[in-house]
Every structure is written in C-alpha cells, then in structure tokens.
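Chains as they are written, first to last, in our numbering: chain A, 1 to 275; chain B, 276 to 651.
Some hints could be false.
To spell it out: a stretch of chain B is covered by chain A in this simulated footprint if at least three of its residues, at any positions, have a beta carbon under 8 angstroms from a beta carbon of chain A; those stretches are [as the list claims (entries may be wrong)]:
hint, segment
1, 317–328
2, 371–383
Sample of chain A residues lacking proximity to chain B, with all beta carbon distances greater than 12 angstroms (derived) [what the hints assert, rightly or not]:
hint, residue
3, Val32
4, Val108
5, Ile194
6, Ser217
Derived by calculation from the structure, the hints in this document are not laboratory data.
Note that the Cβ used here is the ideal one computed from N, Cα and C, for glycine as well.
Residue strings, one per chain:
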Amino acid sequence: MPTVKKIAFNIFAWGIVLAVAFPLFWMLVTSVKPGFELFRRPPTMLPETWTFEHYWHLIQRTNFLTYFRNSVILSTATTLVVVAIGTLGAYSLVRFKFRGRESLAFLVLFTYLLPSVVLIIPLYLLLVNIGLSNTIFSLVIAYTTFALPYALWLLRSFMAGIPEDLESAALVDGASRLGAFWDVILPQLLPGIISTALFTFILSWNEYLYALVLVNSDSARPLTTGVMNMLVSSFNIEWSLLMAASVMMSVPLIIAFAFLQSYLTRGFGAGGVKG
Amino acid sequence: MAAVVFSKVRKEFGSFTAVQGLDLSIDEGEFVSLLGPSGCGKTTTLRMLAGLEFPTSGEISIGDRVVNDVAPGQRDIAMVFQSYALYPHMSVAQNIAYPLKKRGVASAERTAQVNATAELLQLTELLGRKPRQLSGGQQQRVALGRALVRDPKVFLLDEPLSNLDAKLRGYMRVELVELHRRLGRTMVYVTHDQLEAMTMSDRIAVMEGGELQQFAAPTEVYAAPANRFVASFIGTPGMTLMDGELSKAGASWTFKADGISLPVGPLGDNAAAGPACLGVRPEHVLIGEGPIKGIIQVVEKTGHENIVVLELSGGHRLTGRVPAPQSWNPGETVSLSFDADNAHVFGPGAKGPRLNRPTETNVTDMPSPVLQKALP
Numbered sequence: 001m002p003t004v005k006k007i008a009f010n011i012f013a014w015g016i017v018l019a020v021a022f023p024l025f026w027m028l029v030t031s032v033k034p035g036f037e038l039f040r041r042p043p044t045m046l047p048e049t050w051t052f053e054h055y056w057h058l059i060q061r062t063n064f065l066t067y068f069r070n071s072v073i074l075s076t077a078t079t080l081v082v083v084a085i086g087t088l089g090a091y092s093l094v095r096f097k098f099r100g101r102e103s104l105a106f107l108v109l110f111t112y113l114l115p116s117v118v119l120i121i122p123l124y125l126l127l128v129n130i131g132l133s134n135t136i137f138s139l140v141i142a143y144t145t146f147a148l149p150y151a152l153w154l155l156r157s158f159m160a161g162i163p164e165d166l167e168s169a170a171l172v173d174g175a176s177r178l179g180a181f182w183d184v185i186l187p188q189l190l191p192g193i194i195s196t197a198l199f200t201f202i203l204s205w206n207e208y209l210y211a212l213v214l215v216n217s218d219s220a221r222p223l224t225t226g227v228m229n230m231l232v233s234s235f236n237i238e239w240s241l242l243m244a245a246s247v248m249m250s251v252p253l254i255i256a257f258a259f260l261q262s263y264l265t266r267g268f269g270a271g272g273v274k275g
Numbered sequence: 276m277a278a279v280v281f282s283k284v285r286k287e288f289g290s291f292t293a294v295q296g297l298d299l300s301i302d303e304g305e306f307v308s309l310l311g312p313s314g315c316g317k318t319t320t321l322r323m324l325a326g327l328e329f330p331t332s333g334e335i336s337i338g339d340r341v342v343n344d345v346a347p348g349q350r351d352i353a354m355v356f357q358s359y360a361l362y363p364h365m366s367v368a369q370n371i372a373y374p375l376k377k378r379g380v381a382s383a384e385r386t387a388q389v390n391a392t393a394e395l396l397q398l399t400e401l402l403g404r405k406p407r408q409l410s411g412g413q414q415q416r417v418a419l420g421r422a423l424v425r426d427p428k429v430f431l432l433d434e435p436l437s438n439l440d441a442k443l444r445g446y447m448r449v450e451l452v453e454l455h456r457r458l459g460r461t462m463v464y465v466t467h468d469q470l471e472a473m474t475m476s477d478r479i480a481v482m483e484g485g486e487l488q489q490f491a492a493p494t495e496v497y498a499a500p501a502n503r504f505v506a507s508f509i510g511t512p513g514m515t516l517m518d519g520e521l522s523k524a525g526a527s528w529t530f531k532a533d534g535i536s537l538p539v540g541p542l543g544d545n546a547a548a549g550p551a552c553l554g555v556r557p558e559h560v561l562i563g564e565g566p567i568k569g570i571i572q573v574v575e576k577t578g579h580e581n582i583v584v585l586e587l588s589g590g591h592r593l594t595g596r597v598p599a600p601q602s603w604n605p606g607e608t609v610s611l612s613f614d615a616d617n618a619h620v621f622g623p624g625a626k627g628p629r630l631n632r633p634t635e636t637n638v639t640d641m642p643s644p645v646l647q648k649a650l651p
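I would like the entire structure built from these sequences, with the hints used as guidance.
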C-alpha cells in the first residue's frame, strides 16, 4: 500500500512539474523552429529543421540589444539603490532606539495597501513635473518605491538575528561604528542582502505596467515593453521572434537563480518567521 | 594610583534608573568583581566602562583620563563577552588579530603576536578554524585571546564563564586567576555567581537595585556583610535571617524573637532598641546542645558535610551546617544554640544596615573557598 501511495504521489508531483515546465519547453522549441513549421498540424514536438535565424534577426535588425541594455542598467541600478537604502534603514530600525521606530516600520508597508494602478498616475505626473519622465532613472525611482518596503522588512528580520554583542566587540576592538558595520555586520548580513537583491532584480526585470506608462521612447524602454511594442501589434504577433526574445530575457534570471536559489529560499524563510 | 574610578555615575533608561550614583575606585592591578542578582546594574556599569553605554551623569576615569566622551576603541580596554562575540566569518587567527589590525599593527608583527597569544592559551592547533568548529571552552579561550593580544590597561569580563559546564567553569576560574597574577593587569569581572566572585576577586562590589551595597574583600563581605541584602545574597546555603526585637539593658544588648532570647555582642553607635534582624551563618548554628528547641525538616547530604534545615517553635526556619558524620532524621527534635560572637544584627528593612561594631567580627572564621584545578 505505501508503494502505491508513493507512486501516486510521484505521478502527481511530476504532473505539476510538467504543467509548469511545458510552456517553457514550448517557448524554447518555438524559438528554434522555422516560421513555416509553427502552425503545422499535427504540431511537431521537436523542430524538423533547427534554426537560430530569429535570434540573429532580433540582435542584428531590431532594437532588442538597446532594450536589453536598458533592462540591465535599470534592474542593476534599482537593486543597488534598494539594497543600499534597505541595509542602512534596517540597521537603524534594529539598532537605534528612537521615538516612533515601530510606527515608521509599519508606515513603510502602507505602500502595499494601495494597488499600483492607483499610484501610477500621481507618480507619472510627479516625474513629469520634475522633468524625469521618459528616462531610465524615472523607472529606477518608481521601482524603488515598491521594492524598498519589502526589502526593508526582509533585511530587518535578518539584521535582528545578528547579535548586538558582535558589533559591541568590534567597537571595543577599535573599530568605528561604520568600520564595525563593514567588518562585522555586512558579512553576517550577506544571505539577506543576496536574497533582497535577487528579489529586487527580478521585480525590476519583469515589471511591465510602470514601464508602459512612464517611458515611451525607444532609447529608454526596457525589455518588457520594448519587446511587446516591437513584436505584438493589433494585427500580427511575431511568434518566432517573441519566443526567441523571451528565451533571451529569461536567461539572466535563470543563471542568477541557479547560483543563488539557496539564499533566496533562506531569505523567504527569515521573512516568514519574523516579518 | 586608581586604575578605574566611577564618580557619582548615574544611568537612566527612560524612566528606569539602572545605576544610581555609583562611587567606586578600583586600584591598579586589582581583580574586582561586580556581583549581584540580574537587573542590579552590574552589566550596565561594565558597559559604561567599556563605552558601549553613556552615563546620564557622573564621571568615569581610566588611569588619569576621564573617558566619558572617549570612543570604546580609544579607551585602552579589552572586553570578553558572555556570548564570546567571536566574528563567525573570521578564522580564530583573524579573530585574535582583529584588534591589532584596527590599530594599524603591521602584518608580520600581527602574526607574531597572534602566535604568541595562541601559544599562551593553547590555541595554536586551532588558528585556522572558524568559531563554529570549536567547542564552548575553545571559543571562550579565543575570546580571551582576542582580549589578551592587545595588552590593554583594563580587562572587562562580562560573565565569561556562565556558558560553560560546571567542571570547565571550575578549571577556567583557576586559569583566569593565574592569568591575572601573571599579567598583573586590572580586571573588572561581572558575575551573578558568588562562588566565582569569592574565589577570584581581590575585592567584590556587591550591587542591588542600581546601588553599590558593599565594596570589600571577599572575606569581609562574607564575615561582615554591610547590610541585610549582602548578608542574604552571599553564602551557600544562605544565612538564616530572623526578624525580632532588640532591647538594651545597661551596656548589653539582647535580641528576642519567638521565645528565643539571645545576648548579642557589643553593637555600634547606630544601634537602637526596636525592630531588628538577626543573621546567623549555617556554620554558627550549633546543633546538639543549647536552650533552643528545633524540629529537623530536611537533611541534605553533600558528602563532606550535611546541611540541616530546622523549624523553631515560632515557625522560623533556619539552616545549619555540620560535618558529615553528624546526622539526624527528619522529624527529630534537637537542642541547639547560636554562636553569639558570630551573630549578625541588622536594622529593619530589606537593606537594614549592619549594627555590629566593626571590630567584633572574626574575619578568619570562614570556610575556605573551593579552588580545585581539574582538567576539563
């Protein structure tokens, strides 16, 4: 009986894995099929002719690389800003005692009480007024506003787990407060920083709505809106190119995930227990 | 010259006063313990000395320098924390070298000093390991090494032995005393364990409720406690304390409680007839003969001696200590008396002051402290 149960469970689990993995597989397969093979019936599971022409097309004849560069700059900058502010903010929320500390920490979460659709127009007007609309920087600001609260709470729970004695010891040993932070706190916080960075990077890499509203020039467009704008129109969808673009968009995230996934799960664990 | 001076030091956290008006002067090369129950302000006092807390008012000096506004790293102190506070991402060698590195000691010199310290503490084999790969006792030695390597003016130790098992603690006590003798440096040691304080210190500062209760040599703290709190806190098993009345007839004083009438030795000028408290150490309860009757409640056998808990007719409980061969069964009625020369008299209240005349105390009459060196 236990064996039957085990087999049934395995079939169930693999069923879920397949359901999740099949679209990814189909994306990959479609991107290397020639155009005429796409809509053949019955469909071919593996391409009869392998081709990388869609990739070459994207790279050589479209703005794909500009969008890619924009996304890299945008996501990296957002990640750096969020991690820098989040780390220092979490440090002050944990180590310093000041009036309104807890209220401040909760107030930060208020951003999540409002749907982002509500915030988007005010934010757009604000950015237009200060002359930042249509720039990559405007998206960095926008993404920071909604990535930072979560990052702050995640880092705060990590920071709270670092014994205060460690910092005191460094101070007595001759370090300045900043020196103690750098030498002792930061290395301890590394798992927290990595999972926060990964979270922020993924969020900025995949974001669509704000990018659509805040940026409408090709020079500043990130991948999400750029690719949609370029390949999806009311009359036609360039399926092969779209799939090739999707594969190239996914690669950086897959690589990052593969290396850092253990940190990520640990990070979500910490957030779950204390946050 | 005094190595450390607290002068009217006060520390408040919001509306809570952790230390109130502390005056304490520690001599050069002295081993001083700050002893008291948890929440008595001893750790706050040590942290103020380290520069990790700032006094609300008053002055703290190390050597001839007032250090109120001096950063912890500039105070020429080293500290061992209760949790050891070893840097988890650094090896043992890096941990010990860290204070030197922060002071700009050159790399070659640093290595030489780390090696010398490691040899002193038998850590040479462990230099390449990370703290999590060490046992509690080894971590403790690394923490000590990190403090020793700098040769500071004052060592601060915050309950460094409390995380060790009993056997290792006994061993480390002796190690620390030997280390202190060898280095001749001033050491300030925080503990709630009176055995540690009694066995290691030159002088003990007993604290309670943020106030210094007594600052004296261990023998004196034991034999002539300054007030009722110190009397009840020091000594295992504790001193029996009995509330009663003090009366005077001519030049002699008598203490009365529950049908007991005991002449007590000449008292100081601060004594007055009225409510008072009698304190008797277990070894000064003489069981077997005497005018007082008591019923044996419990006999605790520790091997070399027996601890006897008795109840008097008035309901007072008292504890006696007798050599091992003497024993009684619970329920037995025995005669007993007190060694009046060694009875302590205190004023009323939880911190009632000592009323005995200072010279009347026999300071030598104290059980020798347990100092055994056994390898862990």
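Inset, instruction - Find the hints from earlier in the document that the structure breaks and name them by number, from lowest to highest. - result: none
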